[in-house]
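Protein chains in written order, with our numbering: chain P, 1 to 452; chain A, 1 to 452.
In case anyone wonders, no lab produced these hints; they're calculated from the structure. Misleading hints may appear alongside valid ones.
Stated by the list, open to error - A few chain A residues that face chain P, going by a derived Cβ cut-off under 8 Å, partial list only: (1) L250; (2) N364; (3) R415.
As the list claims (entries may be wrong) - Using 20 Å as the maximum straight-line C-alpha spacing, the simulated DMTMM-like pairs for lysine to aspartate or glutamate come out as follows: (4) K221(A) to D83(P); (5) K448(A) to E383(P); (6) K29(P) to D214(A); (7) K221(P) to E69(A); (8) K448(A) to E27(P); (9) K448(P) to D214(A); (10) K221(A) to E27(P); (11) K339(A) to E210(P); (12) K29(A) to D214(P); (13) K339(P) to D214(A); (14) K448(P) to D235(A); (15) K448(P) to E27(A); (16) K221(P) to E441(A); (17) K221(P) to D235(A).
Here a beta-carbon is modelled for each residue, glycine too, at the ideal position from N, C-alpha and C.
There are 2 protein chains.
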Amino acid sequence: MIHWHQYEPVLLTDLYEITMAASYFREGKGGEATFSLYIRDCPSVRGYFVAAGLESFLNVLENFRFSPEAIDYLRSLGRFSEDFLEFLRRLRFSGTVRALPEGTIFFPYEPIIEITAPIIEGQLLESLLMNIFHIEILIASKASRCVEVAKGRGLVDFSLRRTHGVDAAVKVARSSYLVGFLGTSNLMAGKLYDIPVFGTMAHSFVMSFEHEMDAFMAYAKTFPETTVLLLDTYDTIRAAHKAVEVARWLKERGIKLKGVRLDSGDLVELSHQVKDILRSHGFDDVAIMASGSLDEYRLHELLASGAYIDVVGIGTKMGVSADAPYLDLAYKLVEYEGKPVLKLSPGKRSLVSPKQVFRYYDKNGLMDYDVLTTSWDSSERGEPLLIEVVRGGRIVRDLGGLKVARRYFQEQYSRLPEDLKELEPTRSYNVVIGRPLLELEERTAQAKRSQS
Amino acid sequence: MIHWHQYEPVLLTDLYEITMAASYFREGKGGEATFSLYIRDCPSVRGYFVAAGLESFLNVLENFRFSPEAIDYLRSLGRFSEDFLEFLRRLRFSGTVRALPEGTIFFPYEPIIEITAPIIEGQLLESLLMNIFHIEILIASKASRCVEVAKGRGLVDFSLRRTHGVDAAVKVARSSYLVGFLGTSNLMAGKLYDIPVFGTMAHSFVMSFEHEMDAFMAYAKTFPETTVLLLDTYDTIRAAHKAVEVARWLKERGIKLKGVRLDSGDLVELSHQVKDILRSHGFDDVAIMASGSLDEYRLHELLASGAYIDVVGIGTKMGVSADAPYLDLAYKLVEYEGKPVLKLSPGKRSLVSPKQVFRYYDKNGLMDYDVLTTSWDSSERGEPLLIEVVRGGRIVRDLGGLKVARRYFQEQYSRLPEDLKELEPTRSYNVVIGRPLLELEERTAQAKRSQS
């Protein structure tokens with residue numbers, strides 16, 4: 001079996017989730033707890049985040065059970081009692097999940113998902129839940145910046161070869177499509193999520209032929225309708241003239257050359273030279289595709305310098321979120337047996353209670369401010385963002401999958417103020433803490449300080 | 001089915017690998033090709049790299065076949081002929097693989113793995129092969145720096161919650177163990193690779209009890225032999241006094257408190273205060289564990305400032321290789337049908353031919369320099385580093401798995417010059433290009449320039 005086919009949700013966790021569960025079990029501690037997932041700090045190069053990961057998480061939640069092999073492995077560690085292992089074997093998730101729909105734009109301290117369940121269940125989900133949401137939010141938020149900079153040009157995810165592992169590869173394709181990429185080169189993601197796939201040839205293809213022109217013609221004969229010729233294996237300008245010959249050959253057969261791709265060199269200069277060559281021979285409609293170490297910063301520079309680009313392949317730097325490769329994501333216990341709980345930690349704020357976010361818009365329909373408050377605060381009239389998706393362990397609301405989320409994101413994004421879309425935003429969006437939440441937090445902190 | 005259980009090796013690829021294969025197939029182009037994987041540029045904060053990924057890759061290679069579902073998906077794209085799809089359905093890897101054993105220390109431009117096979121086979125492997133080696137080398141090379149800085153203190157991988165996806169989580173645990181970590185918190189990695197697992201309690205555990213002391217005692221009763229108390233939920237110093245009480249309670253039962261953990265605050269100051277409290281009550285042998293945003297830079301600072309730490313939990317920053325989250329890894333065609341091939345790309349060097357690396361040691365047994373040359377150069381007397389692991393599509397050499405690789409790395413690392421182990425190395429290791437390779441490269445480049 002392939003190594004990743006052996007991955008089990010219940011074991012994709014930190015040992016301490018299981019030791020804590022064992023201790024809760026021994027103490028007979030089965031009270032209901034609420035855990036909340038949120039981002040504490042915003043990297044200076046992010047003006048907003050995009051919610052993603054819920055579909056993957058629900059997929060895992062439905063399969064969250066300890067197999068006989070998982071139980072055997074835990075037994076082999078020599079730490080757990082047989083009655084606890086039997087308890088695990090029977091365990092199924094029985095709780096409630098409230099979450100931001102995928103594609104929601106959100107900000108630090110706003111809950112992304114809240115789990116309310118017997119404490120052992122909420123605790124056991126922690127590590128895997130964080131892993132899933134972290135990568136998908138990280139990439140959706142990064143890729144959205146690329147879409148902004150591209151100003152309507154098509155973007156294609158080319159990151160598979162250098163994402164961190166194969167799970168990230170698929171998640172990156174999905175998350176970038178969620179925020180408006182045209183598609184991906186990644187076939188597995190294409191198959192799993194019905195994302196359009198793109199791609200034609202690599203340098204090695206050109207190099208394997210005696211002459212570059214042989215490679216171009218071999219490709220055009222195999223895929224006349226979808227040929228995109230890679231021009232920079234030897235000399236981009238000479239290759240552009242060969243592309244004209246291919247375009248002519250195709251035209252004689254009533255077919256249009258789809259595009260050419262530039263993957264190295266001075267893309268500003270080369271894109272114009274290539275465009276001129278194509279245009280001067282009457283092939284103005286051949287798309288110019290650019291790739292090679294591109295991200296939102298580089299693409300912004302290229303376009304500001306007047307590069308002529310129709311379609312962009314975005315790879316490694318987006319696929320690993322190179323300028324901010326991790327987020328300060330936290331999953332915290334906020335309520336136990338109906339009582340708010342709080343960690344007192346110097347320098348880090350932690351907010352008690354199950355929560356809701358209400359969004360307010362200005363008269364132009366743009367996002368104005370959010371109110372972050374307790375889930376039971378009935379005084380707010382804004383748009384509530386968290387919705388219930390699981391109750392009693394069962395999915396109660398079908399969110400409609402990737403394409404619905406993609407449209408939802410586009411609608412949201414059109415209402416995000418322009419200054420928050422900047423590559424280096426100069427202000428933070430206004431998130432107001434509701435009075436009931438503030439008061440509850442203060443009371444809880446005082447009680448804790450006087451007692452511990 | 002869980003999404004990652006549906007991942008298939010043959011579809012974890014870029015579309016262009018398949019379109020190129022289709023064009024080769026149509027042209028009847030089945031000649032033997034050699035592809036070489038290497039790192040072009042070394043980030044300034046890496047003095048060396050550690051080979052890793054071979055076991056995962058061979059595991060995938062053994063399972064590299066197009067399932068009926070994969071063929072159906074390709075057919076649905078509407079681009080591929082039925083005879084090509086039938087060819088893919090029957091395709092098995094039939095070639096030769098030469099590689100650096102896992103744990104080998106290597107440098108830019110040295111081949112990590114070379115595939116010699118009919119060109120379609122070598123090409124189809126590209127994307128997934130790169131993905132696998134990239135993450136494992138990235139993390140092994142990063143984690144090795146943490147081990148260096150720790151100067152013999154135990155390190156544990158705590159990165160699961162923020163690695164990029166679940167595949168990365170398991171690979172990070174494996175790669176960090178390969179270079180000398182004590183173990184991981186990640187149970188899936190523990191089970192798959194027989195890596196020791198560590199972990200005790202989170203803040204949420206402490207917070208779920210009315211009193212901190214109740215949480216400590218509940219844990220100590222469940223796991224008396226392996227208790228590590230987390231001290232910083234409310235007030236670290238007060239918690240240290242409670243830890244003394246727990247240590248006393250355990251001592252009355254003939255058991256030693258294993259450790260305490262500090263996860264926030266001024267770790268230099270707090271570690272000494274906590275150590276003093278434990279020592280003054282006769283519990284000098286309780287280990288002090290530190291965690292929380294640690295990597296080799298922060299750990300170096302802490303230890304230089306005199307922090308008292310026995311064991312270290314290393315998380316996110318190692319798990320995403322935050323200071324260098326990707327490597328300039330390339331997989332290039334270097335020979336086709338016995339002839340060297342070369343890409344002429346401004347600013348990027350590319351080396352022709354199947355190759356071998358010969359390592360030379362100085363009189364103290366330390367690594368002195370490497371010679372990178374053609375695979376058929378018989379003039380070198382150094383230690384050859386690449387070995388044949390697959391022939392005719394079958395694994396012909398069992399490399400012995402993770403523990404053998406771990407010992408091999410330790411042996412290698414003891415022979416690496418000290419200045420290359422620095423956090424910011426001031427020199428590069430000397431890799432000499434052998435004369436036969438230089439001459440071949442020059443001849444090939446000339447021929448290509450005159451022709452294309």
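Hint-by-hint comparison with the structure:
1. L250: violated (15 Å)
2. N364: violated (37 Å)
3. R415: At about 30 Å, which exceeds the 8 Å cut-off, the nearest Cβ of chain P leaves the hint on R415(A) violated.
4. K221(A) to D83(P): holds (16 Å)
5. K448(A) to E383(P): violated (64 Å)
6. K29(P) to D214(A): holds (12 Å)
7. K221(P) to E69(A): It is violated: about 27 Å lies between the C-alpha atoms, which goes past 20 Å.
8. K448(A) to E27(P): violated (75 Å)
9. K448(P) to D214(A): holds (14 Å)
10. K221(A) to E27(P): Holds, at roughly 9 Å.
11. K339(A) to E210(P): holds (10 Å)
12. K29(A) to D214(P): Answer holds: K29(A) to D214(P) is near 12 Å, not above 20 Å.
13. K339(P) to D214(A): With Cα atoms ~17 Å apart, K339(P) and D214(A) stay inside 20 Å; holds.
14. K448(P) to D235(A): Holds - the C-alpha atoms of D235(A) and K448(P) are around 11 Å apart, at most 20 Å.
15. K448(P) to E27(A): violated (75 Å)
16. K221(P) to E441(A): Distance of about 32 Å is beyond 20 Å: violated.
17. K221(P) to D235(A): The given pair, whose Cα atoms are some 72 Å apart, is violated under the 20 Å limit.
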